[in-house]
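Colleague: In UniProt numbering, the protein residues as written are 1 to 72.
Bear in mind the hints are in silico, worked out from the structure with no lab data behind them. Source: prediction; values computed, not measured. Be aware that one or more of the hints could be misleading.
Lysine-lysine pairs mimicking DSSO-like chemistry, simulated, CA-CA at most 30 angstroms apart [to be verified]:
hint, residue 1, residue 2
1, K20, K2
2, K49, K29
3, K13, K26
4, K26, K42
5, K2, K27
6, K26, K15
7, K49, K61
8, K27, K11
9, K41, K61
10, K61, K19
11, K67, K49
12, K29, K13
13, K20, K61
14, K42, K20
15, K19, K41
16, K29, K42
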Amino acid sequence: MKIQEEIDRYKEKIKTLQKKKNETIKKDKEIIGDFIIAQSKKDENFKTKIIEAISQNNNDKILNIFKNYIDK
Numbered sequence: 001m002k003i004q005e006e007i008d009r010y011k012e013k014i015k016t017l018q019k020k021k022n023e024t025i026k027k028d029k030e031i032i033g034d035f036i037i038a039q040s041k042k043d044e045n046f047k048t049k050i051i052e053a054i055s056q057n058n059n060d061k062i063l064n065i066f067k068n069y070i071d072k
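Using the sequences and the accompanying hints, generate a full structural model.
Modeller: Written out as structure tokens, the structure is:
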């Protein structure tokens with residue numbers, strides 16, 4: 001029974017670490033997104049390159065979201 005308890009304890013630790021990792025990734029993506037939007041508002045050349053990169057991936061949804069943010 002002790003072995004199973006230890007296994008369960010380690011499973012919980014793994015879940016906690018995965019949750020923290022996912023939260024960190026989400027925060028990092030938000031920071032990167034904020035930077036891209038801020039830089040695009042300042043630099044027309046940067047904005048054009050970002051739009052071209054998004055367009056090359058044929059992702060209209062992201063392109064529309066991006067354009068909405070930079071037009072605010």
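Colleague: Checking one constraint from the list: CA of K19 to CA of K41, max 30 angstroms. Satisfied?
Modeller: This hinted pair is violated, its Cα atoms lying about 33 angstroms apart.
Colleague: Taking only the CA atoms, is the gap from K49 to K29 under or equal to 30 angstroms?
Modeller: Roughly 19 angstroms between the alpha carbons, so the hint for K49 and K29 holds.
Colleague: Measure nothing beyond the straight line between the CA atoms of K20 and K61; if it is 30 angstroms or shorter, mark the hint as holding.
Modeller: OK: K20 and K61 at ~28 angstroms, within 30 angstroms.
Colleague: K41 and K61: Cα distance at most 30 angstroms?
Modeller: Distance of about 20 angstroms is within 30 angstroms: holds.
Colleague: Checking one constraint from the list: CA of K49 to CA of K61, max 30 angstroms. Satisfied?
Modeller: Distance of about 17 angstroms is within 30 angstroms: holds.
Colleague: Does the alpha-carbon distance linking K29 and K13 stay inside the 30 angstroms limit?
Modeller: With Cα atoms ~24 angstroms apart, K29 and K13 stay inside 30 angstroms; holds.
Colleague: For the pair we were handed, K26 and K42, check the Cα-Cα distance against 30 angstroms.
Modeller: 25 angstroms, holds
Colleague: Are K26 and K15 close enough, with their CA atoms no more than 30 angstroms apart?
Modeller: Holds - the C-alpha atoms of K15 and K26 are around 16 angstroms apart, at most 30 angstroms.
Colleague: For K42 and K20, compute the direct alpha-carbon distance and say whether it is at most 30 angstroms.
Modeller: 33 angstroms, violated
Colleague: For K27 and K11, compute the direct alpha-carbon distance and say whether it is at most 30 angstroms.
Modeller: 24 angstroms, holds
Colleague: Between K61 and K19, is the straight-line Cα distance small enough, at 30 angstroms or below?
Modeller: 27 angstroms, holds
Colleague: Against the 30 angstroms threshold, does the CA-CA distance of K13 and K26 hold or violate the hint?
Modeller: Roughly 20 angstroms between the alpha carbons, so the hint for K13 and K26 holds.
In the structure shown, a violation is registered for the earlier hints numbered 5, 14 and 15, in ascending order.
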